[in-house]
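Enquirer: Sequence lines, in order, name chains A and B.
Under our numbering, the first residue of the first sequence is numbered 1, with each subsequent residue one higher.
Under our numbering, the first residue of the second sequence is numbered 367, with each subsequent residue one higher.
Hints in this document: simulated from the structure, not taken from any laboratory.
The reader is advised that the hints may include incorrect statements.
[As the list claims (entries may be wrong)] If you only want the chain A side, here are some residues facing chain B, beta carbon under 7 Å, derived:
no., residue
1, GLN16
2, ARG19
3, ASP20
4, MET30
5, ASP92
6, ALA142
7, GLN157
8, LEU158
9, ARG159
10, LEU166
11, THR171
12, ALA187
13, GLN280
14, THR302
15, MET305
Every residue, glycine too, gets a C-beta built ideally from N, C-alpha and C.
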Amino acid sequence: MRLRRIRLLIWKEFKQLSRDPMYARLILAMPIMQLFLLGYAIGVDVTNMPTAIVDLDRSPISRNVDASFEATEFFTVVARPESETELRPLMDRGEVSIAIVIPAGTAASLQRGETADIGLIVDGADSQTASVGIAHASRIVAGLNTMPSDGPGVDAQLRVVYNQSLRAVNTMIPGLIAIVMSIAILAIMSQAVVKEREHGTLEQMFVTPITKGEYLTGKIVPYTIIAVVQGTIAAVLGTLWFQVPFNGSMTVLVVGLGLFLLTNVGIGLLVSLISRTTHQALQAMMFIILPMMLLSGFMFPTDSMPEAIQPFTKLMPMTHVLIVLRGVFVKGAGFEALASPLLWLLGFAVVLLGAAIVLMRRRMTE
Amino acid sequence: MRVSLIRIGALVRKEFLHLFRDPRALAIVVLLPIMALILFAWAISFDVSNVKTVVWDADQTPASRAYTQQYSAGGFFDVVGGVDSEEALNEAFERDLARVALVIPAGFQRVQDSGGRAPVQVLVDGSEPTSARMGEAFALALNQRHNAVSYATWVSVTPGAASSADLTTGTITPQVRTWYNPERVSSAFLIPGLIVVIIFIVTVQQTAVTIVRERDQHTAEQMLISPLRHAELVIGKLLPWTVLSLGIITAITVLGMWLFALPLRGSVPLLIVASLAFVFASLAIGVIISTVTTSQETANITALMLTATPSFLLSGFAFPLDAMPTVLQVIARLFPTPEMMTISRAVFLKGAGFADVAVSLALLVGYAVLAVVVAVQLYARKARR
């Protein structure tokens, strides 16, 4: 290992990158663009759902229902169709995504002391809005029951621990730092070796006195530096722009992200070594990025996934770094609480980077 | 000079040869949609359920156990264990072992037996805002139902109680019905959207790369000295992938209907027309990328940037567009995905025909025509230089 040769290799990589000014700009613009797009796209909380009220009872009860739905930020009553038949076209066109149907005779059966059903119709074609809508609507309807002032009962007091404002960005942005970093490293790293192979410059490398270890270091270091820069841009910009509170320890954050970074360098390098063309490498990337985004709990909570999928979610390094990031940012968790995800990440980094180095050595002796 | 079918045909044949020469890349193109379909349809759900819940029952009476039991019964809360101290409770939250905690103080049964109101505490973890909000809502709803029931029982056994409280004893309960997707199977409403996202991801990249690759390998010059016209070249590049993409759409649809009981309620011709327009539009975006980028790598990265994340998030697939800031809604409309998303969902789930989605279809077709024209123009300008 000669430091001078490694330095020359690093210098060569940066020179290559800067030769295509568009590429260099893209690499820097990518995390910023993704951060803003994702931050604004995912950060939204469901409010003002277009709501229809179908009142077939026309009693004080139904006026009560009306007022309760109007009062919350989640629903905006946009239509009052006369019947379910009239409701249908509104929902077909997507103008209404939830409807409350008060059947005729509701007030009367309540007077008799019977149970009265109020219909909640949700648009099942409309993503997660439906499930959030059901939860809020159920709560409002349950709250309509005239609560006795005496008699036995339970008073449930709710308290939110961590992120009391329930702002979605507060948990999304920390996760986004990992996503942005990962996509950037994978996109660049997966091209690193296969590019040289495609251009035939890999053979030229082998006839120089450069050793395998030097070549490897010369490849990994520049891309790691870029990834660190990208990750820092994403972290600083995201935290400041979206005003995400940081409650934890910087050391835990750096350790977690560092291990995650090495894991991604390993994956990218493996893809680059296995692929024969840059195009293949890129497509393989998509193959990796897709499950990573979906199964990591970034967008969809892993708890809700079927039992059989649970082991696979554990195999995604992203799952563990998300726990670390959210833990540090939102909960202020330390090494002790985050020991298990950090150990997972350490394992991934050792295994994947190790495999990449072994494969690289084998490829180069061929 | 007119566009010649023979020349286009020759180019299409050449493109197919390229495709089959790289079976690995082709395999990924075909496998990716299938993997995505299975992953989505099976694993992913927009419904929040099985929220990990711990109970700190300091009362340990039949009443407290009955109250806890209601939490396990609903399907939303998943009671994973009990804790017996504040430290244990905090640790469960910190280690991500619980999202909701129910705390029942001692005296729960005694207070209620004497006709009073017993306090309980429900703690929700705000670091998952969606499940926290829903947890709050469901906990309150559950509690209110519990109170309504115990009040009714109390009134029936306590003489004179009903007259003291001027209340109706009936209870209102919500009955949820889901239209278009009655069982609320997530997969059914995910697949129509998934088709759109997947096709967009797969197609944009292909044309983006094939044209730049010709330039990188210096075969682009050879094309230029051939009698092939610019428009013919662009169309010849688009056609093979159009065929392939329609194949993928068919495969996903058939698999979806067979494995996941995806309904196809609307007009099939409408679906085909819309898919064609959408695929053309996406491929043309690929051509546009190839004309503005300088190398294969830049084309790759640009295609990745434009497809992987934004199409996913700005298409209305997972996150409702209406709720986003206006700027983002405008950016979203720069892609053909939102219109196709609307049409695809309407056709599969709502049984729509041409008249129902006329506006979206017109926009999509207009988009496709415009994108192809711009692609040809840009390509011609690039070639002239």
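Enquirer: Hint by hint, note whether the structure agrees.
Expert: Taking the hints in turn, this is what the structure says about them:
1. Interface hint at GLN16 of chain A: violated, since its Cβ lies 10 Å from the closest Cβ of chain B, which is beyond the 7 Å cut-off.
2. Here the hint on ARG19 of chain A is broken, as its CB sits about 9 Å from the closest CB of chain B, past 7 Å.
3. At about 5 Å, the closest approach between the beta carbon of ASP20 of chain A and any beta carbon in chain B falls short of 7 Å, and the interface hint on this residue holds.
4. For MET30 of chain A, the interface hint holds, since its Cβ comes within 7 Å of a Cβ in chain B; the closest pair sits about 6 Å apart.
5. A hinted interface residue such as ASP92 of chain A counts as satisfied when its beta carbon comes closer than 7 Å to some beta carbon of chain B; here the least separation is about 6 Å, so the hint holds.
6. Taking 7 Å as the C-beta cut-off, the interface hint given for ALA142 of chain A holds, the closest approach to chain B being about 4 Å.
7. For GLN157 of chain A, the interface hint holds, the least distance from its beta-carbon to any beta-carbon of chain B being 5 Å, beneath 7 Å.
8. The closest approach between the C-beta of LEU158 of chain A and any C-beta of chain B is roughly 5 Å, which is under the 7 Å cut-off, so the hint is satisfied.
9. Taken as an interface hint, ARG159 of chain A checks out: its beta carbon lies about 5 Å from the nearest beta carbon of chain B, inside 7 Å.
10. Because the closest C-beta pair between LEU166 of chain A and chain B is about 5 Å apart, less than 7 Å, the hint holds.
11. Hint on THR171 of chain A holds. Least Cβ distance to chain B is approximately 5 Å, under the 7 Å limit.
12. For ALA187 of chain A, the interface hint holds, since its Cβ comes within 7 Å of a Cβ in chain B; the closest pair sits about 6 Å apart.
13. Interface restraint check: GLN280 of chain A against chain B, minimum CB-CB distance 5 Å, threshold 7 Å, status holds.
14. Contact between THR302 of chain A and chain B, as hinted, is not supported at the beta carbon level, the nearest pair being about 9 Å apart and thus beyond 7 Å.
15. Annotation: interface hint on MET305 of chain A holds; nearest CB of chain B at approximately 5 Å, less than 7 Å.
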